[in-house]
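Line by line, the protein sequences are chains A and B.
With numbering that gives the first Met the number 0, you'll find the first sequence wraps up at 74, consecutive numbering, no jumps.
With numbering that gives the first Met the number 0, you'll find the second sequence wraps up at 491, consecutive numbering, no jumps.
Because the hints were derived from the structure by calculation, they are not lab data.
Some clues are possibly wrong.
Unchecked claim - Example chain B residues on the side facing chain A (calculated, C-beta under 7 Å, incomplete):
no.: 1; residue: Q78
no.: 2; residue: N142
no.: 3; residue: L149
From a predicted model like this one, the values you see are computed outputs, not experimental measurements.
C-beta atoms are modelled at their ideal positions from N, C-alpha and C, and glycine is treated no differently.
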Amino acid sequence: MGKGVRIQELPGLGTRYDVDLHSGSDRVSIVVGRDGKRHLYVFTTAGDEPTAVIELTEEQARKIGAVLAGTFFVD
Amino acid sequence: MHANLIGLGALILVAGLLARLGRRMGLPTVPFFMLAGILLGPSTAGPVAFEHPEDLDILALFGLVVLLFHLGLEFPVEQVLGSGKRLFWAAGAYIGINIGAGLGFGFALGWGAKEAFVIAGAVGISSSAIATKLLIEMRRLANAETPVILGIIVIEDLFLAFYLALLSPILSGATSAGELILRIGISFGYLAVLFAVARWGAKWIGRALDTREDELVAIIMVGLVVLIAGISAEIGVSDAIGALMIGLVVARTSIRERAERIIVPLRDVFAAIFFVAFGTSIDVGEIGSVVVPVLIAVGITVVTNVSAGLITARLFGLNQRGAANVGLTVLGRGEFSLILATLAIGAGLDERIGPFIALYVLILAVLAPILAANSKYLARIIPDRLLHDRWRYVREETISTACTHLDRIQITETDEEECAECVETGDTWVQLRMCLTCGLVACCDDSKNKHSTAHYEDSRHPLIRSLQEGDGWQYCYEDQSLVREPAGSARS
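Same shape as in the complex, but just chain B:
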């Protein structure tokens, strides 16, 4: 048996140490794994760990499979389905704008149609790992916009499955339009079958996997996952989707938590090998020729993300700070871009794609945390009318309590002491409420006419407060909760 253990060990060790150095500066890990591969790869001067990077192939592929399996395994189906229509609109806007711009840019580059689709995915789909870590490190978990950001990136993960299902047939080298459509049909049909298995067959798979011994669970599970991934690749659907979908299946079985615990260390190590292996395949000499396109792509990404952030903020009634945070936190690109790059290299596309995506990911890896941490400067220059014509926002605070509408408060004091509508019709009322957006005073829900609630249904002004002496509470109709004073009070 001949194996280059010294080279492999050195690669993984250097990758780990480099990433550790990067973490000290608050930078994401994935780009550093890739960097280790580039530095020790055959195309740069200095020591070379692997003369033939393809020796790493099987390990790297295994890394890709466990990475996506884990993604499917921890996909929070219930949380996403339970989060409402607004989130899907926001995520749809994010994906649409980013993929659309990426596609336009890809075609404008003129490297080819297949290349354009790969570039669109690589610049359009953000890294959920990077965004999540950023939110924790910037201490923003309690912010109002954070659930929205997390929701968007999770839906993006799911979108990746569909994008891969679309991309694999495109890259497969179909010679006619009919063949291409057939292959896309097979691809999505296969996806549907796996969805059906996830929905109805999880019980049996769980039974097959479930033994008391973790050792056997690990072995049987890994065997099943790799086999499904392999079969998927054979059908022409891509191993990555197969792995992701079987992750979704196992997530619905009784062994979900054990599976997560077992797979995490495997994923950490082998996914790192996948990123390192990608690095070794990069020809540094090519990087010079892609610098200009990469810089343009980075510029486009920043603009599209900020636009998507503004749309999201409009949908959720967030203020400037929320808009800036949404746009700039989801900027990181990592694992998904590299997966697409690997697919492109495997399919023998334009050689500039590898270096292009590598440099793009590296630049954004450094840029994303810096921009996200300084989002307040962007917040200062976003005009109110981009968010909503009639509301005046408190720009720089993002409210940390449950209600996301506190920044629509425009008026909090009034001299009115009656419900004008009730007076008109000669009715009486129990208590009075005041709309905090337009100042209207009307009767409460214990009163006969419920004019306050009627006003909300009419105007969608979300917040009221009690005018009862000593009450001092506010209520948000949209979030259906009692709320606190606004952070950064908007009193005028």
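In isolation and in its complexed conformation, chain A is listed as follows:
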């Protein structure tokens, strides 16, 4: 993994990737579950209360990932 991404095992549940955005208090954590589900945590304030939490299926995560990564994406 690249710099600024920390991997944390969550026993029995999956793996967590903490992504530091180096911009004040913004920070993103992604939990990739063993069952394929992704839990996306977005923090925009200092503290432990996430601003938003979204649960994604593998399919949805792939879609969003493709858009974020700038892969050409039609329909």
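Position chain B against the provided structure of chain A, taking the given hints into account.
Frame of chain A; chain B shown alone:
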């Protein structure tokens, strides 16, 4: 062929609907399956689905077997072994305190020694399913203490296997101490054999199971699992362990993921039948006589869990919020308590055990999510010295980044501009670092003397920051990572 399909269908349907109602309120499912069994069972007024609950026995037993098989199948061996000694200490403390208190309470009840061992397990071993769901629902997956909580409950699952191996011989009705020791020996020997199979024999079992067709994988696998469970019970080791261990074996084969996919729907339905069947065997009339012991047990459980949470927090350098979260999240009791209750009923122990465990699980099912969600109030009253004498903690924030030590930051600013030790010996340095716990300024690792790292090795103060103009980074020695500003900044 005579079968009560109407009764069976009604039971499962009511169980599912009740659990759905409970989920709307954020409550766990297992207690509601049990409740459906109690309501439609022969001992309560109103409709009765099964006049003779023992008609459900074979289905319920199958449910127990697939439940434990699945537990073994998804047991994250590598993750647990890779998580270090601290976690085992924390889990050991959790299990020791809870089982110990449960054993003391069980003997104090005076229902008998066998009963005491069953009660100790039922109040001591938490439900991993409930705790995991709670963490997801309370949106705490990114918290610092969450990996610790998950690690503890996973190790508890493994402990269950050992506890069952100990309990089955005790319940088997050995007449002398020698016979009891022999049976415990057989039990653990059998466990060792299955461990050996899991370690070295998984390849052949995988080969036997692996076909391209899921249909055949499912059938062969279920056959093997039920057979092993049955043989285990015959040897006197309990079907539950057999199923769990064969799960560990299959987990090491090439078909692990397919097996998981196949077994999950089976487990969901048949485990529910197991819990429902347990409910139908509960005599509601007995519940009145166990209310007081149950309330005491619930009180003990809350106290022991919070104590274990404090110990864990000390071990991992967590703050008050972390301590409270660890203690109150692992409070739920469910499937394991009911398995032990079933064992006790099967062995013909004191009749109050069934109702006792049923009521205990029901109360904690409602209490655990409420307490876990309000852990911050507990965090506010935990004094600093319970966690560590010399550190001042930020009580109410739990840090979500990788480093679990940010709350040990006590000082972040300094006027020092030199490494005092280097000045003393007349050496020079490259850059300066500052210890964020005691404020010591010392030279970096590119310098000749590496006084900052030496200070960490000396004092175990985990965090430093760079004093270089414009650097602004912090480093944690314990977690070996660069870290962010503390959430809930501790600047004074």
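Here is what the structure says about each hint:
no., hint, result
1, Q78, "holds, 4 Å"
2, N142, "holds, 6 Å"
3, L149, "holds, 5 Å"
No hint from the list above goes unmet by this structure.
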